[in-house]
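Residue numbers (the working numbering): 102 to 239.
Mixed in with the good hints, there may be bad ones.
Claimed, not checked - In silico lysine to aspartate or glutamate, EDC-like type, Cα no more than 16 Å apart, as pairs:
hint : residue 1 : residue 2
1    : K234      : E192
2    : K161      : E192
3    : K154      : D126
4    : K234      : D126
5    : K219      : E115
6    : K103      : E192
7    : K154      : E166
8    : K234      : E199
9    : K178      : E192
10   : K154      : E192
11   : K234      : E115
12   : K219      : E106
13   : K154      : E199
14   : K154      : D225
15   : K234      : E136
What the hints assert, rightly or not - Pairwise CB distance ranges, derived in the manner of DEER restraints:
hint : residue 1 : residue 2 : range
16   : N220      : E115      : 32 to 38 Å
17   : V197      : T163      : 28 to 34 Å
18   : E192      : D123      : 18 to 24 Å
19   : D235      : S191      : 30 to 36 Å
20   : A212      : S138      : 18 to 24 Å
21   : K103      : S191      : 26 to 32 Å
22   : S218      : E115      : 30 to 36 Å
Derived by calculation from the structure, the hints in this document are not laboratory data.
Just so it is clear, CB atoms sit at the ideal spot from N, CA and C, and this is done for glycine as well.
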Amino acid sequence: MKQSENITISASPERVWRALTDLEDRVRWNNRLHEMSVIGGGELALGSRMRIKVDRSRFKVTVTEFSPPSRMVSGAKNPVMSYFHAYHISEVSEGVTELTLTGSMGGPLGAVMGLFSKNRMQQDLRDELAPIKDAAEA
């Protein structure tokens, strides 16, 4: 299952990228996000492993694509389930950027979960985009 949401942001792609990739700041201004850090420290980059806590759920994901300031993909995969978040940043006009977030779940368990959580996943995508917009426009 794959779902996407997008949002228009009054900021340059570089500002949107900073809001997206500054993990410490994201935890400060997103009330659902309680932890987001690179495992072992260091800068976020291709291959980075991240520890994330959203609400009461904990995840460990790997950054599988990292192309500043336009695209980042992170996720995890095991024999029964895979999940990924892909962020795509594109400039609409000077000072106006569109951020698209695509979430996908696959594998046997992911397919079943997708059937029961479609509306929840769409709302989660919206809830993730709104604070990024606010931070980039600040």
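Query raised in the report: So the hint says 28 to 34 Å: do the beta-carbon atoms of V197 and T163 match that?
Result: holds (31 Å)
Query raised in the report: Going straight from one Cα to the other, do K219 and E106 come out at no more than 16 Å?
Result: holds (13 Å)
Report task. Please work out if K154 and E166 have their alpha carbons no farther apart than 16 Å. Result -> violated (21 Å)
**Report entry** Given pair status - D126, K154, alpha carbons within 16 Å
**Finding:** OK: K154 and D126 at ~14 Å, within 16 Å.
Query raised in the report: Hey, K234 versus E199, does the alpha-carbon distance stay inside 16 Å?
Result: Status holds; Cα separation ~10 Å.
Query raised in the report: Between K161 and E192, does the CA-CA distance stay at or below 16 Å?
Result: Violated. K161 to E192 sits at ~30 Å, over the 16 Å cutoff.
Query - Hint check for S191 and D235 - Cβ pair distance inside 30 to 36 Å - result: violated (19 Å)
Report task. Can you let me know if the beta-carbon spacing of S218 and E115 is within 30 to 36 Å? Result -> At 34 Å between Cβs, range holds.
**Report entry** Satisfaction of hint between E115 and K234, Cα-Cα up to 16 Å
**Finding:** Satisfied, since the Cα-Cα distance of roughly 13 Å is no more than 16 Å.
Query raised in the report: Is it true that the CA of K234 sits at most 16 Å from the CA of E136?
Result: violated (19 Å)
Query raised in the report: Okay, E192 versus D123 on CB: inside 18 to 24 Å?
Result: holds (20 Å)
Query - 16 Å limit on alpha-carbon distance, applied to hinted pair K178 and E192 - result: violated (31 Å)
In this structure, the earlier hints numbered 2, 5, 6, 7, 9, 10, 13, 15, 19, 20 and 21 are contradicted, and the remaining ones agree with it.
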